[in-house]
Each structure stands twice: as C-alpha cells, then as structure tokens.
Amino acid sequence: MKKIYLIIFLYLTVSSCDVTNQEPIDSVSAQVLFTRESDAEAAIIGTYRHMANLGPNYIFFAELPTKNSKGNALNRQFEQLNNLIIVADNSQFTGLWDQQYVLINSANVVIKNVPKIPGMADAAKNSVIAEARFLRAFTYFNLVRYFGAVPLVTEPTESPDVAALQVSRAPVADVYTQILSDLDFAKLNLPETFTGLGKTARATKAAAFALGARIHLTRKNYALAIADANQVASRRGETLSVAYANLFLTKNSAESIFEINYDTQLQNNLATTFLPGSLSGTRTIEVNNDIFNAYEVGDLRKDATYGFANAANFMKKYSRGGTRDDNIIVFRIAEVMLTKAEALAETSYPNVDALRLLNEVRRRAGLVAINPATLAAFRTALYKERRLELCFEGHEWHDIVRTGRLQAVLGITDPNKSIWPVPSVEIARNPKLEPQNPGY
Amino acid sequence: MKLYMLFKCKEPCISLKFIRVMKLVIILCLTSLLQVNATSYAQKISLSVKNAPMEKVLREIQKQVNYSFLYNTQMLRSAKPVNINASNSSLEEVLKQCFADQPLTYSIVDETIIVSKKQEKVEAAVIEVKEVAPPQEIKGKVTDSKGVPLPGVSVKLKKTSIGASTDINGNFTLNIPDAGILEFTYIGFITQDISTANRTTFNIVLLEDQQALGEIVVIGYGTQNKKDVSSAIGSLAVGNKKLADLPITSPEQLLQGRVAGVNITQDTGTPGGRSTVRIRGASSITGGNDPLYVVDGVPINTGNYNGAAGGSVPQNPLANISPNDIESIDVLKDASAAAIYGSRASNGVIVITTKRGKQDQTKISYNTYFGFQEVAKRIPLLGGPEWGELVNEANVNVGRTPPIANPSALTTTDWQEEIFRRAPISNNELSLSGGTQKTQYFLSGSYLNQTGVVIGSGFSRGNFRFNFDQKINDRLKAGINMSMNRSKTDRVSAGDRDGIVAVAIVKSPAIPARNADGSLNPNDPYISNIDNPLIIADQVRNDAFSNRALGNAFVEFKILEGLNFRSSIGLDFLSLDEVYFVPPNRLTVLGRTTNGSGTNSMTQDLGWINENTLNYSKTFKENHRFNVLLGYSNQESTFNRTIASATNFALEAIQTLSSAAIKNSSSTGGSWGLTSYFSRLNYSYKDKFNLAASYRIDGSSRFAENNKYGSFPSVSAAYRLGQEDFLKDLSWVEDVKVRASWGRTGNQEIGNFTSRGLFAGGFNYIGISGLSQTQLANPDLSWESTEQTNIGLDLSFFKGRITFSTDMYKKNTSGLLLAVSLPRSSGFNSSIQNVGNVENKGIELALNTVNIDKKDFKWSTDFNISFNRNKVTKLPGGDIPLGFNGYASVIKEGYPLGTFYGWQIIRVNPATGNYDVVDVNGDGNIPLASTTLDNVVLGSAQPKFTGGFTNSVSYKNFDASVFMHFVYGNQIFNQAEYSYGRLHTWFNSSTLARERWRKPGDIATLHRAAFGDPTRNGSVSNRVLQDGSFLRVKNVALGYNIQNATLKKAGIQNIRVYAAGQNIFTWTDYRGYDPEVNANGNDTTLGFDMSSYPQARSFSLGLNATF
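Residue numbers (our numbering), protein chains in the order written: chain A, 1 to 440; chain B, 1 to 1107.
Treat the hints loosely; a few may be bogus.
Only pairs whose alpha carbons sit at most 30 Å apart, straight line, appear in this in silico DSS-like list of lysine-lysine [what the hints assert, rightly or not]: (1) B:Lys-892 to A:Lys-432; (2) B:Lys-358 to B:Lys-618; (3) B:Lys-686 to A:Lys-199.
To be clear, the hints were calculated from the coordinates, so they are not data collected in a lab.
Take the sequences, apply the hints, and build the full model.
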C-alpha cells in the first residue's frame, strides 16, 4: 500500500510542474533587449536588412515607368507599372510603401532604445543612432518623392492600438525638415569609415553627404548641393578610376560610396528579373530600345550594360543569376560628380568645373569631351549623361520628375502624375490619409 | 541522468525516484503477464464401457476422482446409453465423451459436477438443481454462453445492501436472510434478475448484450452507457462494421459520411494526405477548426508539420494510426459532451479507442488485402493542332504575329496518360490478443504499401501496437498503450509549374514526352520554366519520413468501493524527416538554374500529458445513481525544427548537402503548456432522468497574464419517456429520449506566443546577425469562446429495429482571433485581436433500420444527413479578401466562411470578345473593372447538406455492403480552369476552349483568346466556379465467411475473404478531377481545387483469418 501512495504522491509531484510558463526560443521579448552594447549592433544590422529587402523595388520603381525598360506580360504587376496603371491589387506597388515603413520603424526602434543601453559610450551610441537616422532620412526622401505628403512616424510602434496608429499626413516641407535634421545628425556622428565588409555596406560620412547632395539637388538648393558634393570630393576625390563594367562585376569598388550588399544568405531577384531564360532569369523587365539606341558610338557603357539573347537585349548590370547576390550601388562618385556639375551649371553657366566633371564621366565612358554653348545644351547633355551613366540604378524616374520633363520625355501631360497614389489598401487601413493624391 | 530534461521543465519535476517507480510498475506488469493461469483437471481416469446407463457411468467416474456429482435421477432417465473408451484420460475428456449426443450437459463448480438439461437455445437460463426449503446460504456460478466463467460479476439481493462479486472461477457465495430477487450485472452483458425462492444453487448464464457492445459510449475521461447519455455523441464501432477491411489509409476517413454532423473532405487524393474534418461547421477563422483527437486518452498533436520546400502537400499526422487497430471512434459533438476538454473542444472532440485484449479469448488474427487504384476521370484537353490554333489566335488577337507556322502539323502528347497509372495498394496485418482474468493484451503489427496513381507518388507505413492491462490486486490495476510507427511519403508538389498534375494539364500537347532515343524530353520551346512531368517524377526526390510513438501508462486504484483514482502519463512523439533534392543537371528548370537544389528538414514534436482523476460512483436508494469525476491534468508540447538547404551541387549521385557549394540552414521551435482542472457530475434517476454537468478550468501558456485561465462549463439533461408506463405498454416502443444541453468551449489554437511583443533574429546583413521587431504585444489576448446549445431526440422502435436520432444545435463563437489590419505606416501589417463572431446552426438526422432479420438473411440500412449553416456574424475590420491572388475568397459579415468573391460576368461582348461584368462601383468599368471595387459575392463553398447511406446485407455466409456519400450545394474554385481557361499564354486548355469567342459578332460563352490577357478576362469571376455537389458510391464490399470443422481442426476459427471497391462511381457536374477537394485545407479559402491530386478509384481483394 505504501508504494501506491508513493506513486500517487509522485504523480502529483509531476503535476506541480508549471507548464503554463513557456518562453519562445526563436525570439525575445522587447523588455529583455537593449541591455548590452551588442544589442545596438544587432538592431542596426536588422535595419540594414530591411533596407536590403526593399532594394529591388528601389531599382524597379525608378526604371519601370521610364523609357529605360519595359515590364512585360510575364509579370502583370511590372506591366502595369510600366504603363503607370496603378491598381489596388498590385502587391509590388503596395510593397513599395510597406517596405519603407518597416525600415522606418526599425530605425525608430534603434533611435529610441539605443540611448537607454547602460554602460555604452555616448560616441558609440551616437554612431549607431546616426546610421539609423541616415537610413530613416534616405527612406523618407524616397517616400516623399513618390507619394508627396506622407505620415511622418518617428517613434517606434509598440502597441497595436489602431486609432493611435492612424497617423495623418505631414506636409512635404515637414517631412524634409525631419529628413534634414536626421541627415545633420548623421553627417556629424557617422564614422568616416567602417572596416571589412562594412566599408561601403554601411553608412559613412561620405554617404551622408552624398545623400545630402541628392536631396539638395532635388530641392534645387544648389549651393547646399555643391557644399555636400564637395564634402564627398574631399574624401573620395573627383576622378573615376574604376572601369565602368567593373563597377558591377566587382562588388564594393573603389568608386562606391554606399552599396547594399547581398550574399548567398541574402539574395535578391534583380538578376533573375533582368536576365533571359538562358542565363537563369525570366527577363520580366526588358530593355527599352529607346535607351539602347541613345548611346553614342564607342560608349563603353553600352557593352557593359547590355547583352543579347534569344532575339532581344537584356540588361546585365545585375548578372549573378546563379547566386542572386548582386549588390545595389546606392551612391557612387560619378553620381555625386554629375550632381555637382548640374548644381554648378544651374548656379552659373558657362561653368568650367561643371564641364570638367561632366567630361570626366564621359572620359571614363570612352567618349570625347564636349563643351555645350548654352545652359540648355548643357542640361540636355548632362541629363543624357546621367541617364546613360546611372540607368537601372534607381534614378531615372526621379530625374525626370525633378527636372520637370514628364511631358517632354514620357509624354505625360497631367502634372499630378509626378506623385503616385497612396496604395488604396493603406487608405482603407488609415482613413486619415484621405484625400487621395490628386489625379487618382 | 538528468532524465527530467526529457520533459523540458525548469525544475526537476519528474524525479529519479519517480522514474524508478515507473520502472517498477512496468516490471510488475510484465511479470504478471507471464503468470499463466493454471487451470487443469489433474486427476486421470481410465474407464471403458459400452451402452452403459448414464447413472452408472457417473458413479464410476466419481469413484476415480474426488469430485461429487449433482443430478436429478429423474433427469438421467432421459439419457442415452453411454460409450466410453478412456485410459488415463482427463476428467474433461471423459465427461465430453459421456455427454456427447446427450440431451444433458454438465458444468464443474469447484469440485462438483453439475448435470443439467441442455438448453435448446442459448438464453438466459436458470438451471434448477435442487429444490429445498428457503436456505441461509446460496451459492452459484456465473458463466457466459460459451461456459466461460465470468469473474467480477456483481450479484446483489435487490432492495438490500447484500451483495458479492464472483471470483476467478465465476463462483459466488451469499448469505441471505430471506428470499428475494438476485440481480446479476456485468458490463457488456444483459442484467438478469432471478428469484431465490426455493433455490440455493444457481448456474447463471449471462447473455452478452450484443447491442450494448456498441452502445457503450466513450466520453471524455470515461465511458457511459448510451441510454444514459444526455449530450450529442456520434459513435462508430469500427471493428463491427468491418470498415478496416476497406483500403483506407487514415483513420479519419473511416468516419466520412457515417456520423451525422461530421463533414470530412479528403483535401486531395495524395497518398498519406490530409483531410478536412469539421464537426458542425467551422467556428474559427484563424484559430484552426480541426477537432481535438484523443487516442486512448492522449490528446494528440495534429498540426501541419511540413517544413521543407517543394513539399506543398501537407502531411497527415493521423495517418500514423492504423485503422486496423481501432475498436471504436466516438465523436463528441455538442458542447456538453466536449466541454470536459475545455479550451481545445470548440471544434468537437474525436475519441479514438484502440483494440484491447479480452479475457480468455486468445485470438490471432491475420488480415491482408491487395488491390489496385486508378484515376477514374480525365479532363478532355485539346490536341496539338487545336492547341496551335488557339495559341496563334491568342497572339493575333493582341496584334502579335502567330508563332506557330503550321498548327495542323503538330503532334499530340497525352500528358494525362503519361502521368496517371494503375497503382497497387496492399496491407498486411497480424494481431494477437487475449488474456487471463488478470492480464489482457493486444499486440499488432501491420505494413501498408500504397503506390500513388500519379507517377512519383506513394505512401508506406509500418505500424506496431501493444496494449496491455494488468490487475495487480483487487484494488490496483495498471496498463500500457503503446504504438510506434514509421511512414514514408513520396510526395509530389502541387505547384503550377513543378506540380506533376498541374503541368500535365497545362503543358503543350505538341511537345513529345520522349526524344527519338527514348530518353525523356526536357525541352519546352514555348515555356522555358515548365518541366516535363515525367522528368519531375524521375528526377526530383521529395520524400517525407514520419516516425511516431504514441502511448500512455496508467494505474487505477480502488480507494473505496465505487471510488477510484486513476493516474496516467501519456506521450506523443512525432518526428518528420523531409528530403528534397533536384539533381544538378539540365533536365529540370531548378536543376538548370540552381545547379542542383536540396533541402533536408527535421521536425520533432514531443508532447507529454499527465492526468489524474478521481471517480466516484454510487447508487442511493436504488433510484439515484451518481457519478462524480474530479480531475487535474498537465500537458506540455515542445516543437523543434531544423532546415538545411543548399544549391550548386557537385554531382547528381551525391544528394547530401555537404556536397553543395551554397548552404543555408535555420532552426526554429516553440512550446506550449496547458494546466487543467476539471469536474463532472452525472446523475440518473430511475433510468428516466439523466443529468450531466461539467466544469473545466484551463490555464494556457499561449495567453497573456491577464487572461491565462479560462473556464468552460456545461450542463445537459435527458428524459427517457420510453421508460414511462404509458409508453412502456406500447410493445413496439423501445425507447424515446429527449435531450437538451448547453455548454461553453474554447479554442487555443492561435500559435504559441501570439500575445507577446517579440524581437526575432535572422535579420542578417553582411554576414552579421541582426534583430528586428516581429510582433506587437497584446496583453489582453484571450480564448475564442464557443457557446453551443443542442436539443436532441432519440427514438427506438420494434426492439431496436428502427432507431432514429436527431439533433438541432446552435453554436456561437465569439472573440474570434483575427488579424486586425494596422496602418502599414506603423511598420506592421496586422495584430491578432479578439474580434469577430461566427455562428453555426444545423440539424442532424440519423436513421438506422434492420429491414430484415432472419436467421440466414439480414438487411440493415443506415442513413444520415446533416444541414449546417455557417455565417460570420461580426467582422469589425471589414471584409477580408483572401485566396487566389487575394480576391477569390472573402470573409464577409453576414456570409459564410468560404465565400467566393470576384467579378460577376454578364456576357461575352459580341463585339470585343471580352466579358462585360457587373459594374459595382459605377465607374463604367473603364478601362477595366476593378479587382477590389467591382467584386461581388459569387457563391459559397459550404455545402447545403452532406450525408451517407449504407446498406448492409448478409445471407448465410455472405455479407455485402454499399456505402454512398453525398454532398450538395457547394461550389468549387476550379484553379485549373482559372489558369488554362484564361487562354492567354502557351498553356494547353480543355476542350471547353472550343466555346471561345473568335470573331466580332460571335455569341459565345467564353472570352476571346488573348496573349498576356491585357483585358483581364482571366480575372476571378463566376467563370471559374462550379457546382461541387456529388453523390458517390464510396465503397462496396462483399465478403464470404468460412467456418467449418475442418478449419477448426487446423486451429482456424474463421476465414473471411472479401472484395472491396472505393470511389466506385461519382455523379457530379463538376468538371475537374474530383469534387471532393479542399486543396488549401482550411475554411477561409475553402473549396479550392488547385489542380489537385485526384482521388483514386480502387478495387481490392482481402483475406481475414482468425486463429
């Protein structure tokens, strides 16, 4: 009998084990994070990861509606964007909005929580926060260029309270104020350089100034654009020493300022989108003959940019079909030089420096120097150079809009079309975004 | 020796001591098994007589043995002369000879041989032995109809507390003060009342209650006699109905169409694939609607454990249980039956009881069947020339040059013929069962091998089971149930471009399957990223190996008469090993683009449960029967998965990932725990009124601190009008019972850590690991709660020859966990919150009749039909579009789950060949209708009614049954037609394409062919919805039993040979392969046929031998 009671007793002992307390093994609660310096590093790396996730769309959306490319029927979403038909179920399009805000929230988490980490030096904290603010500035700049007035969220999301999360749009000027404030902090606190793989894969001071130059050029603040471009020049020079083809064949070339790095653990679909079937791709985005025919004879960039297979051209800046780990060059010296050339010319023309910078880009392309007589002629030459130099790197649509050439280049007469509609799914989730952008 | 780590507790809560004790229990159990019950008549007799009078012979025997005889001399006079020739024979043998062909029989009680008259018919009988005056002491023996002593029979003098139980030999002794009525009760036997007047010795033959065998209903944590049941429970006696003889591979398929209120859809015909099992409709949107399965008391894990890529065919964890091992399945349908399982019961509970050994019935049973399967239907597709014309027309219509120069010169490959095959299925099963009074056991092993009807697919399973019960002493009982098995599934993908079935439909017929040299042709000049299905089957390896160990050990201790304590520990271990490999060659798209691709995935789920119950049964004042159950249980389940994948392989021959150049790996896991307190009261008054009430409190790790515990009450009552005198007098009325119940149940299937605010790793960049926020905290998250009311009526007429049962129910589920959409500017898509209500209401009817009940000819009919109406009654976030491309299904307030959504076609515009569709938003549909604003509700995948109809006939040694299954009023999304029926690319099409619009002015039913579909005719519309109603001859079985003396001599009790057919014929208007389909396996996107693996028609021959 005693044995039996023992058994009963032991069963009850088993029962006293509290099974209702379980902890996840593949994730952690927010409370236990941001207690050590390494948490800051992990969180900013996670933010870069979101940047890498949106990378392909950063390229596609700037190219699809232009005469650089043709989205074909194999991918209906690309086809629609090619024709600037934006329908609500285009997940590629809604993704453009969603991915950027995921990145912003991730940056906000870093910006809010890193200062709380005990025992971490202020300089180290500021360096990480500067990276987050750089990424946030970069992302809001893209958002404001595509959608105009957008919700300006600068605090991390912590509670699923729908009403509190329905944020109204901030005026474009306010968004830029935030962008520039983030950028100022980044310029001040970002490191000059990272070591190892992070050298161009993470934001440095040069990247912040390159972003500044781009923003100021967009807003036609030419003096500020020149100033930021000079900051880049003082660090990286104004000579193009890397062969054009090698910019894409080798990763993180000497010309690169900031490059989203991919590897076999973090792949993208750029190569498969552009390459033909014979090179493991689908060629759902084709090359538009308009750009193919725009190159001057002898332009080295043409052969570096295009291949030919199965009766049609394909774009080969992203060529790693097997490993799918092509990098995306976000900022490189040539762009900053062209930006500075444009800003200088817009300030005063004729302009020797502007011509020098433009012709340096042409020289690398194997072309002779030019000397346009008028500002208008210079503009034409510069816009063409920008297009051919930077095609399929995420610039064309923005350059067309920025320079007011929607009608001239794309035949779009409705000026409202320079801003895209906020995805209607998002308006349904947040009615405070109404009214929709005009023209949609 | 940190064995407690096995169970992942933070504290060493299972101590070593405990394990030692468990070992002891096991050893005790095993040694007792070896104690063979020694019963033999040791004394030997030598006797040789011819034509001797019976009385003389008996006296002679008495001389030689120490046995006394009890007989009536008068009676012996009717005996024939006796011939005996025995030397040194056992008493038994001599008596056998002595009583051969006599109108008399004998029985041995202790050392007394009782001679009695033979009964013409085996019936409840009292054998009068001696007539004496009212005695003080009475004694007797209780046997079954075969003369086997019954131990533990309750013998009670009515209206007194005097009673006893029979001993091992079935004997009892009782001292009674006065004559009265003796009541003999024994589970599974008909209770007998015998007057003690003028008798002291009783030889009682208790008759097995043939009906009662099937009428013990398994309820949660116990059993109940069916007559006492006040809730809605559906039972299926699997063994009785010979269902396991059918070529069915998974136990839930046994239930299909056989229990009212249970709707089972085999998702696809994939061998080893899942079924969607719904008891009284789906009550949850995100929380899962699978019922809780309890196998021999262990609630088992039944989630989808698929991990590897390319394995889009979900595993069926129930396929681990061999249908042959199942004794009965009980379905707890209403809340009062299910509420004892609390937070997991809102989808009903299916209780599976496996076979157990029976006392003194040693039985070896061998069952085998062999059959073949085939696909009954082909989709009529276009041949090469017609396909060529279609493609040319599609190009011309959009201003492109026709790509095919001479369509009429094209050849035709019948891809369906290439991929479908006649495939064998076989099953072999051997079981051994038996036992003594103290020990019962059941052992079985089986091996099933099924080749799939689609090339490259198959399923095989080896299964072993051991059930063991041991009575240690009068108070203590222990037992073990254990099953172990391993299965292998050769999977085929269901993908559009790499799924064998899908590709066979859409691939151009103009491409030859083989090259001139006989090798398989990998080239497709039209669509480069679509494979030759024969090459997929030949080259791609996609296997899943599943191992499962499921079992429990229990001890039961009788504390007092009527008060029992039972404790058990159960274990459910499942591991799934998936191997996927595409060799690095130019034959497949993936092989070409990735230079070989492989994935290995290992998944393990270990669950344990400890249950402790106290059960008290007592009858007060004869008429008041009480049963009280108190229980406490703890359960924990831990899940782990490791996935490794790689590309760029060196060789085709080496499939291991170490030979690849690019490797990726990940691992994940999760766990949950549930602590429960439960109680139940059953009360019965005079067998007329029954009342049951239960109350359970569950605490789950899945919920936040604020809502960790939930309570789940239920009550039910039944009134047996049939027991009232005014109905008892009507001889044709056997029973009339009305029932009513109410209860609340919950659903905890919401994912393990849904309420937490979480950060996860894996957000890596440049080789550095990164973290990101993945989930927002919701500390108020709570259970989904279902309240169900049920009223029922059970009728039984003409001694049970007509039984009818009906139930009406209403099930309201509230606090549904839904992903509430958040503005994406938050960085999040959604958050799970308790919003939303769903309602199910319905009627179930079941009618069983014994139409003919002659000695040689029996015919019975079972019919059941269920009507369920499902409706989403509250959806605060507005419509949730789901499904194909995000707009084929919708969750919409006021509509059922599985509502189809899309464009409503008015006509094919004769001028353009495009569809005119209903313009909901009034924008003129210019240039095209909107895929969000012009959608309307097109139909529902919910059937209006479902049911089954079985006819069973037996004539002498033949038996036959025909089972028909029907589903009416549902619609199916035919994805194959959605895809190829768009007429927009190089896909082949069905002959339906002949109806297309060709030139302006045509009045057509199908849109124009247009390459790239620029005018979006292919969008989801009522074009792709079809009526899914069907009536199917689900199975037909014919058997013949051989039972004769020759076989008996060879030790064979019975041989049954049988032939069975599955899915013999289906009447349906559905144009796809099979209307029984639910490819997504869920309720929100119900009724999708994604070019699914068709159900096979099968024929089999089997043999069942019992030794």
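Agreement of B:Lys-686 and A:Lys-199 with the hint, judged by alpha carbon distance not exceeding 30 Å
violated, 88 Å
Is B:Lys-892 close enough to A:Lys-432, meaning Cα to Cα at most 30 Å?
holds, 24 Å
Taken at face value, is the distance from the CA of B:Lys-618 to the CA of B:Lys-358 at most 30 Å?
holds, 27 Å
Hint compliance for this structure: hint 3 alone is broken.
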